[in-house]
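Trainee: When you get a sec, could you build the whole thing from the sequences and use the hints?
As a plain string of letters, each chain reads:
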Amino acid sequence: MKRNLFALLSLLVLASMVLAACGGAPEATEAPATEAAPATEAAATEAAACEPGGTEPIAFPDGGKSVTAAFDQEPDAIVPYFTQMSFAVWVTQLTLVGLGEWDDKGTFVPELAAEVPTADNGGVSADGLTITWKLKDCLFWSDGEPITSEDVKFTWELVVDPANAVTTRTGYDKIESIETPDDTTVVIKFAELYPPWPTLFTQGPNNAGSILPKHILEGITAAETDPFIRMPTVASGPFVITEWIPGDYMTLLPNPNFYKGRANLDRVQIRFVADSEAAKAALQTGDVDWYPNFSEGDIEALEALAPAVVLTVVPGVDFEHYFFNMGRVDGVDGRGAAENEGFCPFKDVRVRKAITLGINRQAIVDSLLFGKTTVPVSQWPNSAWTNTDLEVDAYDPDAAAALLEEAGYTLGADGIRVGDCNGTQTKLSFNFETTTAPIRIAIATVAQADLAKIGVEFTPIHTPAGTFFGQYVDGGPLTTGNYDMGGYTTGFYPDPYTDNYSCENIPTAANPTGTNWYHLCDPALSDLMDTALDTVDPAARKAILDEAQAYIAENYYVLMMYARGNVYGSTPRFQFGPAGPESDLNWNAEDWDVTE
Amino acid sequence: MWTYLLRRLFQALFTLLIITVLCFLLTRFSGDPLAQYAANPRMSAEDRAALVERLGLNDPLYVQYLKWLGLAIQGDLGNSFFARQPVTEMIAQRLPNTLILMMTAEIITVSFALFLGIISAVKQYSFWDNAITTFSFVGFSIPIFFSALGLMLIFAVQFKEWGLPYLPTGASVWDKSDPVEYIRNMILPVTALAFVNSAGYSRFVRTSILEVLGLDYIRTARAKGLTGRAVLFKHALRNAALPLVTIVGLDIPFLLGGAIVTESVFSWPGMGRLFWEYSQRSDYPVVLGILLIISLAVVILTIVTDIIYTFVDPRIRLS
Numbered sequence: 001m002k003r004n005l006f007a008l009l010s011l012l013v014l015a016s017m018v019l020a021a022c023g024g025a026p027e028a029t030e031a032p033a034t035e036a037a038p039a040t041e042a043a044a045t046e047a048a049a050c051e052p053g054g055t056e057p058i059a060f061p062d063g064g065k066s067v068t069a070a071f072d073q074e075p076d077a078i079v080p081y082f083t084q085m086s087f088a089v090w091v092t093q094l095t096l097v098g099l100g101e102w103d104d105k106g107t108f109v110p111e112l113a114a115e116v117p118t119a120d121n122g123g124v125s126a127d128g129l130t131i132t133w134k135l136k137d138c139l140f141w142s143d144g145e146p147i148t149s150e151d152v153k154f155t156w157e158l159v160v161d162p163a164n165a166v167t168t169r170t171g172y173d174k175i176e177s178i179e180t181p182d183d184t185t186v187v188i189k190f191a192e193l194y195p196p197w198p199t200l201f202t203q204g205p206n207n208a209g210s211i212l213p214k215h216i217l218e219g220i221t222a223a224e225t226d227p228f229i230r231m232p233t234v235a236s237g238p239f240v241i242t243e244w245i246p247g248d249y250m251t252l253l254p255n256p257n258f259y260k261g262r263a264n265l266d267r268v269q270i271r272f273v274a275d276s277e278a279a280k281a282a283l284q285t286g287d288v289d290w291y292p293n294f295s296e297g298d299i300e301a302l303e304a305l306a307p308a309v310v311l312t313v314v315p316g317v318d319f320e321h322y323f324f325n326m327g328r329v330d331g332v333d334g335r336g337a338a339e340n341e342g343f344c345p346f347k348d349v350r351v352r353k354a355i356t357l358g359i360n361r362q363a364i365v366d367s368l369l370f371g372k373t374t375v376p377v378s379q380w381p382n383s384a385w386t387n388t389d390l391e392v393d394a395y396d397p398d399a400a401a402a403l404l405e406e407a408g409y410t411l412g413a414d415g416i417r418v419g420d421c422n423g424t425q426t427k428l429s430f431n432f433e434t435t436t437a438p439i440r441i442a443i444a445t446v447a448q449a450d451l452a453k454i455g456v457e458f459t460p461i462h463t464p465a466g467t468f469f470g471q472y473v474d475g476g477p478l479t480t481g482n483y484d485m486g487g488y489t490t491g492f493y494p495d496p497y498t499d500n501y502s503c504e505n506i507p508t509a510a511n512p513t514g515t516n517w518y519h520l521c522d523p524a525l526s527d528l529m530d531t532a533l534d535t536v537d538p539a540a541r542k543a544i545l546d547e548a549q550a551y552i553a554e555n556y557y558v559l560m561m562y563a564r565g566n567v568y569g570s571t572p573r574f575q576f577g578p579a580g581p582e583s584d585l586n587w588n589a590e591d592w593d594v595t596e
Numbered sequence: 597m598w599t600y601l602l603r604r605l606f607q608a609l610f611t612l613l614i615i616t617v618l619c620f621l622l623t624r625f626s627g628d629p630l631a632q633y634a635a636n637p638r639m640s641a642e643d644r645a646a647l648v649e650r651l652g653l654n655d656p657l658y659v660q661y662l663k664w665l666g667l668a669i670q671g672d673l674g675n676s677f678f679a680r681q682p683v684t685e686m687i688a689q690r691l692p693n694t695l696i697l698m699m700t701a702e703i704i705t706v707s708f709a710l711f712l713g714i715i716s717a718v719k720q721y722s723f724w725d726n727a728i729t730t731f732s733f734v735g736f737s738i739p740i741f742f743s744a745l746g747l748m749l750i751f752a753v754q755f756k757e758w759g760l761p762y763l764p765t766g767a768s769v770w771d772k773s774d775p776v777e778y779i780r781n782m783i784l785p786v787t788a789l790a791f792v793n794s795a796g797y798s799r800f801v802r803t804s805i806l807e808v809l810g811l812d813y814i815r816t817a818r819a820k821g822l823t824g825r826a827v828l829f830k831h832a833l834r835n836a837a838l839p840l841v842t843i844v845g846l847d848i849p850f851l852l853g854g855a856i857v858t859e860s861v862f863s864w865p866g867m868g869r870l871f872w873e874y875s876q877r878s879d880y881p882v883v884l885g886i887l888l889i890i891s892l893a894v895v896i897l898t899i900v901t902d903i904i905y906t907f908v909d910p911r912i913r914l915s
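First to last, the sequence lines map onto chains F and G. Numbering of the first sequence is given in our numbering, commencing with residue 1 and proceeding in unit increments. Numbering of the second sequence is given in our numbering, commencing with residue 597 and proceeding in unit increments.
By construction, these hints were calculated from the structure, which means they are not laboratory data. One or more hints might be untrue.
Said to hold, decoys possible - One side only, chain G facing chain F, incomplete, derived with CB under 10 Å:
no. : residue
1   : Leu745
2   : Val769
3   : Trp770
4   : Asp774
5   : Ser860
6   : Ser878
What the hints assert, rightly or not - Once the Cα atoms are required to be at most 30 Å apart in a straight line, the calculated DSS-like pairs of lysine-lysine come out as:
no. : chain 1 : residue 1 : chain 2 : residue 2
7   : F       : Lys134    : F       : Lys260
8   : F       : Lys65     : F       : Lys260
9   : F       : Lys65     : G       : Lys820
10  : F       : Lys174    : F       : Lys347
11  : F       : Lys65     : G       : Lys772
12  : F       : Lys189    : F       : Lys174
What the hints assert, rightly or not - Between beta-carbon pairs, the in silico distance windows are:
no. : chain 1 : residue 1 : chain 2 : residue 2 : range
13  : F       : Glu157    : G       : Gln607    : 47 to 57 Å
14  : G       : Ile848    : F       : Ala308    : 36 to 46 Å
15  : G       : Ala688    : F       : Gly122    : 53 to 63 Å
16  : G       : Ile669    : F       : Thr221    : 25 to 35 Å
17  : F       : Ala308    : G       : Pro656    : 54 to 64 Å
18  : G       : Asn835    : F       : Ala304    : 51 to 61 Å
19  : G       : Gly746    : F       : Thr445    : 25 to 35 Å
20  : F       : Ala163    : G       : Val617    : 29 to 39 Å
21  : G       : Phe733    : F       : Ser295    : 32 to 42 Å
22  : F       : Ala163    : G       : Met699    : 37 to 47 Å
23  : F       : Glu56     : G       : Ser773    : 18 to 28 Å
24  : F       : Val109    : G       : Ile848    : 54 to 64 Å
25  : G       : Thr700    : F       : Pro438    : 27 to 37 Å
Glycine included, each C-beta is placed from N, C-alpha and C at the ideal position.
Mentor: Next up, the structure:
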């Protein structure tokens, strides 16, 4: 019986080797021959079978299968270390992949790597400082050159080289050295613990780490000005960029050497349009096949366009939240002194809770967002990091009013509550600042009406995003702490860590680029988040983050409004998916297809 | 003549300098080039600080301005913060598309306006005059974003739904080397532009022809027995067209700027969209570059127009 099984296995291995030799066929990746056959023999056969499928992108055949996307923002550069644009990352996902990615279910899966390093498979050292990645065998760039561990090392060197103006070195600067004992082994040694290591050299919609081709880029300095950085013409992903006419369109053709085999489609084009309106009209006429950047406010209009336009809403890991300016000029325990004192009543947790209970968030989701998303319990929505024990506070204006009474704020003649705050008569009247996005204006108007019912005067101020998110030196309201309440969208993923709660990260003249725009210094929370940053074991991290989520919820520091959804519009002929919150739509572009 | 020219050139340089200062200040205070990175959890505080340094945004404003001016004088408009490409290259890529669209629209606009204006003037207070006047006011009052979107929704979206032959929305990837495709994609934007612009022009043509028709020399021409047609085209139109030529001449530099709304609605890869997209990003090298080229064209064309006047109308002397 055992002998038969062995024979069968050998046959399978042989068959897969033959298929692999055909070059570029999808089955090629299924050939980890080392399991059954003796190692030396396998290595020999492997070397023989390792041939690139081609050296050029596969030309578009007459009558080939082609799709066109509409983008309303043109990417600045495609190589991810030099851009922060989502639209750029979406193109990167098509052409330059990393060691791993997040799939539609939010699972971290290997791409160029053979497997994800864990403590069990020896990929993560006991002290957590050394991560060993194994690459797949027989990987080739689209020009036929092999993809090796040297490329990974080179990528790191390029990113940390001060001569190259990358937009971020976060994490890469924690790496002490990278060793490449052989062509498929990458040993990454960190100088200090870096639990978010899965975000390095890997890809997701909010995380862009591609492996770069050493044979093309070796020796360059000031890489940010190199044409290849802007438009990489050699690919490791399913498609290769072959043409980019600025302001007009971009063309991608199949990579003959993609590790999963040739993509289904013969061509992907991206057309740069001015806005979502142009995209919507073009979808209706079939001039384009999909547009990735609709907002929640478009859902109703898109539903009306069925069946010509297919609407897909994927709940996201980004969230829209309202928050209080918690700044204290004296700081807390000698930490986190802000330059602007927040609105005094916000220092009382009962006031913050009353405002949270006083806004009917579920009604906002149901009416303005057509019930396509949810009110999240914490800032880690639709993710494995969510604290599932928490519950959303339901709308309860009576309880909210009672809380304000308890806190000493009684209704004045004008219907607005007044009370004593640190010895000063203070009216519960304050500004709420956010951007001019129509959906934000609509939601703020509802919140204003809801809060008026409990005697709170909430005045929305809508500022253009450029000013609202302005830098400290330019006097941006968020950075300088010149606001009462604020609201915008952000998200912490694929790694859950954020330094937005760090006392030391409050923006001031001395630290103008701090990202703690809540100006909140709560030493307990700040230290909890620091501990999360120093914990490698995923289960232990989860426990700490659960605690942090519960702490934020108990203290009502932020008001979670709704989880942002990715709203896609497509033509019925374009077949894609499934798409998840952390995978985006483009993660499996090789499987895309069209039905005619 | 030469002293005059020198004086005008000197004035022009001074004007340009003031324009650049104003444009620089306006663009610099209109937003933060780094705002696009705001609320982006991928970017750390140090990364942001490094970017500010690299873009030279830490320098005092006058230093930033002088650096820009120094390079601009040598014909280098700098690099876009965002696209990291030379601004001159970016403009060169868009300019031909804009010129083809705008020139075609301008020619159609002027011909159409002349046609409507002449009929209106000759048949003053007739049914046709009233109809054309109504059309002009409608065209003049409807904002172009509305007429452009309307044209697209009717002739592209609805025609397709009704199963009729339909025009493209402009948002497909189309072959710019194929003249038929080019014309098909140009029909809707040119119509939208011509509709709005010819409305105003036709009123102008009507008024100036009416004015000329009442002059003595036209009465003389009629008295010596010329036909109505000859009077109109040989005598009246020539003089009536002079002010129109001036206005069209002054419009030409602005054609370089493209049409922001029309280009956006029809996804036309031209200067208008370039300007609009990059001003939203506060990418001031690009915005300033475009403004500088337009100002330069205005200043130069004004001088050229003045010189041409002396040839066209011998009564004018430059001194």
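Trainee: Which hint numbers doesn't this structure obey?
Mentor: 4, 9 and 10
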